[in-house]
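Asker: Listed below are the residues making up each chain.
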Amino acid sequence: MNEPDLIFQPVETKKIQYEDRTFAMRSNSSSSPILLKSIRRYGVLVPLTLQTTGEGLYRIICGFRRYRVARDLAIRTIPARVIGNVESRELFEMAMAENVCGEPLSDFEKATVLAKLCENFGVSQEELVRDYLELLGIRPDRFHCSRYLAISKLSAELRDRLDLISINTALALARWSSNERAIYMQVLEYFRTTRSQQRELLKVLDDLRERLSRESGHKFDLEKLWESSGCAGLVESKKSNPGLLVEEILTRLQKLNRPELEAMRRTYQREVAGLNIPSGVNFYPPDFFEGGEIDVRFSMTGAAQLEEIARELLRVSRQPGLRSIFELL
Amino acid sequence: MILYRPDQIFIEEAVRDCQLTQTVLDKLPEVEVFHVRDSRDLRRSPRRRELPIPTGKRSLLIAKHQGTFFKPCPASQVQGGRRNVCCNYFVVNLASNCHMECSYCYLQTHLNFPLMVVYANIDDLLEELSGVLREKKQNFYRIGTGELADSLALDPLTESSRPLVEFFAQQSNAVLEFKTKSNCVEHLLGLPHEGRTVVSWSMNTRHIQSREEHKTATIDERLLAAQRCVEDGYRVGFHFDPIVYYSDWEQDYEELIREVFGCFSPSSLAWVSVGALRMTSDLRKTILRRFPGSTLPTGELVPCPDGKLRYTKSIRRIMYERVFGWIRQYGSSDLGIYACMERPEVWSRIFNTAPLTDIEIGDSVTVGFQ
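These protein sequence lines are chains A and B, in that order.
The first sequence begins at 10 in the numbering used here and counts up by one.
The second sequence begins at -6 in the numbering used here and counts up by one.
Chain A on its own, in the form it takes in the complex (with noise of 0.2 Å):
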């Protein structure tokens, strides 16, 4: 970058156009009460880097949070150096430059940066990659790239909820109407799902819109499925424990989506139940049922409760529900 012309001068709040965001890196969100408490007691201590824009006014190049305040605080007059003609990529730059030094970027605030460069810039996603990537803490290849400038394109609606969901269940919500998404919003806020129950709630129905539009060849209606499967009808009810009927949701779900896992599930816990395991002893299949063994867990408070437990493990072992249970393996 070529030495920019440099005045420091203070410059009127009002003559500042706070609105003009090119620059902007941060959302539009409320300032951290440590610089309000700064500025209270000792004003503006470093100057804004600006640029006149005609007429008397200037446009923020560095500074947003710093001239909120100020203005909040009503004060008049704010230190600031002024850069003349210098082209916006380079002042766009230099705003990166001086934001990735400071409190880290949100990755939707990575993404709006990525976005303003390609949108107002004109600069390559190959560019990105080789030039930006990193100095924004991002891994330098092209599927970051392209996640972070989906994460951009999020619609306000989800990027409201931000607070309830990831970023990666909200670009997976992207590519479902508001309709579908009305339907999982509604799950996590009924009934305060845990993360990792919203995490198999999105991938279950994620995989059935998949694979259900792809199988018909047309458009996939989750509401129609949502229906059918019953779990509208849970979700209305608003009964009994709520997370009992998030697993119900999820266990009708999943029955859709892996009829054959469910089934050998099915089979599995009514072979054990047959089976009249000791209390205190519990058989773990292996994961997916995909193995050769099960494990066997109990524990014992001595020799006389090792020998019952013995006797009535070899009683289990006499069982033919028991070669059932291994025929799934």
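In short, the hints are calculated from the structure, not lab data.
It is possible that some hints are incorrect.
To be verified - Just a sample of chain A residues kept apart from chain B, beta carbon distances all over 10 Å, derived:
1. LEU144
2. SER186
3. MET194
4. ARG204
5. TYR293
Unchecked claim - Within a straight-line C-alpha distance of at most 30 Å, the following computed DSS-like cross-link-like pairs (lysine-lysine) qualify:
6. LYS228/A with LYS278/B
7. LYS278/B with LYS212/A
8. LYS125/A with LYS162/A
9. LYS212/A with LYS228/A
10. LYS278/B with LYS264/A
11. LYS228/A with LYS162/A
12. LYS125/A with LYS23/A
13. LYS233/A with LYS162/A
14. LYS264/A with LYS212/A
15. LYS129/B with LYS64/B
16. LYS50/B with LYS208/B
17. LYS130/B with LYS64/B
18. LYS233/A with LYS264/A
19. LYS278/B with LYS125/A
20. LYS278/B with LYS162/A
21. LYS212/A with LYS162/A
22. LYS233/A with LYS212/A
23. LYS20/B with LYS50/B
24. LYS208/B with LYS228/A
25. LYS129/B with LYS57/B
26. LYS233/A with LYS278/B
Glycine included, each C-beta is placed from N, C-alpha and C at the ideal position.
Go by the hints and put chain B onto chain A.
Answerer: Then chain B, alone, in the frame of chain A:
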């Protein structure tokens, strides 16, 4: 089948004067050629490494293979702390990448360099193989060239099959396998192979071939090519892999197997393998992205201990039982048959026996060659 034709060729300095290089250039006189001092520079270039798969394949790199060619099939390796049953197979790579576009191809996520690559230092390969086979005369080796590329799809350009066939014709303790989905057998015909080369085809139902194996030879073209090889004295093999679970799978696979074994006498068949569809979760994502019409990644797949996704065991078992049943019914009970990359407990169920050792399985497959 759609034959490969690159838009540009990169030639590494070290192989500029190799026969294979000259052969390719003679066949593609109008294609733009670039000379590179060291192909590793090209491989390291982020610009090249990051090319989308179809764009990368439009460039051909002719390079020198570094390191040893000869290695055990990766299927024999322990993955996720578990090992699948292995058929004692060995591989040599004379090329890397494939211009054909099978939706399920693992190369899409396995290779870290998107260009088509052929290795021109065949003399080095033959010298290395010669040493291995001489040193362990008591062992019998089944060696294939189809791990990182289709064995014959580029043969019309490279003619690399000839020196290999001629070399193996002189070996007493090895057999070469060309595994392909092409019908490029022209250069094999008339070679003095002495029965030491097997040409094998990956076979699938017409339903799967037309929807999932883009740019490959049709099933009819593959069968015709196999018949031409048999007429020239080669033994042929068939790999029913990947078998796919879809609504008409039973009817379609039975018909395919009946057709294949109806075309060839047992004496012309070297071996047959079967493998159920499998993929890593990365590959599944790639298929979903690259092949919007494919239903393969949306089947009932579950994660296995080796990290791959497979159909649930109950589905796999039914598929194997049926397919092996049809092979025994329409083929011959003496045929060398094995299941590729399968779990030991599934193998036991299919063959009604505990899994054999790698060498025992390899020997049972190559019994007609030793």
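Asker: Take the hints in turn and mark each one as holding or not.
Answerer: For each hint, the structure was consulted:
Non-interface status of LEU144/A relative to chain B is upheld: no Cβ of that chain comes within 10 Å, the nearest being about 16 Å off. No beta-carbon of chain B is positioned within 10 Å of the beta-carbon of SER186/A; the least distance is around 17 Å. No Cβ of chain B approaches the Cβ of MET194/A within 10 Å, the least distance being about 24 Å, so the stated non-interface status holds. Once the 10 Å rule is applied to beta carbons, ARG204/A is consistent with being away from chain B; the minimum gap is 20 Å.
Residue-level check passed: TYR293/A sits 15 Å from the nearest beta carbon of chain B, beyond 10 Å. At roughly 19 Å between alpha-carbon atoms, LYS228/A and LYS278/B fall within 30 Å of each other, so this suggested pair holds. For the given pair, LYS278/B sits about 13 Å from LYS212/A by alpha-carbon distance, which is consistent with the 30 Å threshold. Of the pairs offered as hints, the one joining LYS125/A and LYS162/A holds, with about 11 Å between alpha carbons and a cut-off of 30 Å not exceeded.
Restraint check for LYS212/A and LYS228/A: the C-alpha separation of about 18 Å stays at or below 30 Å, so the hint holds. Distance check on the hinted pair: LYS278/B and LYS264/A sit about 23 Å apart at the alpha-carbon level, within 30 Å; holds. Restraint check for LYS228/A and LYS162/A: satisfied, since their Cα atoms lie roughly 22 Å apart, inside the 30 Å limit. The suggested pairing of LYS125/A with LYS23/A holds, with an alpha-carbon distance near 26 Å, which does not exceed 30 Å.
Of the supplied pair hints, the one linking LYS233/A and LYS162/A holds, its CA atoms being roughly 28 Å apart against a limit of 30 Å. Only pairs whose Cα atoms come within 30 Å are accepted, and LYS264/A paired with LYS212/A is accepted, the gap being roughly 14 Å. This hinted pair checks out: LYS129/B and LYS64/B have alpha carbons roughly 14 Å apart, not beyond 30 Å. Between the alpha carbons of LYS50/B and LYS208/B the distance comes to roughly 13 Å, so the proposed pair stays at or under 30 Å and holds.
A distance of roughly 17 Å separates the Cα atoms of LYS130/B and LYS64/B; the hinted pair therefore holds under the 30 Å criterion. Simply put, LYS233/A and LYS264/A have alpha-carbon atoms about 16 Å apart, close enough for the 30 Å limit, and the pair holds. Taken as a hint, the LYS278/B and LYS125/A pair is honoured in the structure, with Cα atoms around 28 Å apart against an allowance of 30 Å. Pair hint LYS278/B plus LYS162/A holds up; C-alpha atoms about 21 Å apart against a cutoff of 30 Å.
Proximity of LYS212/A to LYS162/A is assessed by CA-CA distance (about 22 Å); at most 30 Å being required, the pair is judged to hold. Restraint check for LYS233/A and LYS212/A: satisfied, since their Cα atoms lie roughly 18 Å apart, inside the 30 Å limit. Distance check on the hinted pair: LYS20/B and LYS50/B sit about 18 Å apart at the alpha-carbon level, within 30 Å; holds. A distance of roughly 28 Å separates the Cα atoms of LYS208/B and LYS228/A; the hinted pair therefore holds under the 30 Å criterion.
Restraint check: the Cα-Cα separation between LYS129/B and LYS57/B comes to about 26 Å, which is no more than 30 Å; the hinted pair holds. As the CA atoms of LYS233/A and LYS278/B are separated by approximately 26 Å, the hinted pair is consistent with the 30 Å bound.
Hint violations for this structure: none, all hints satisfied.
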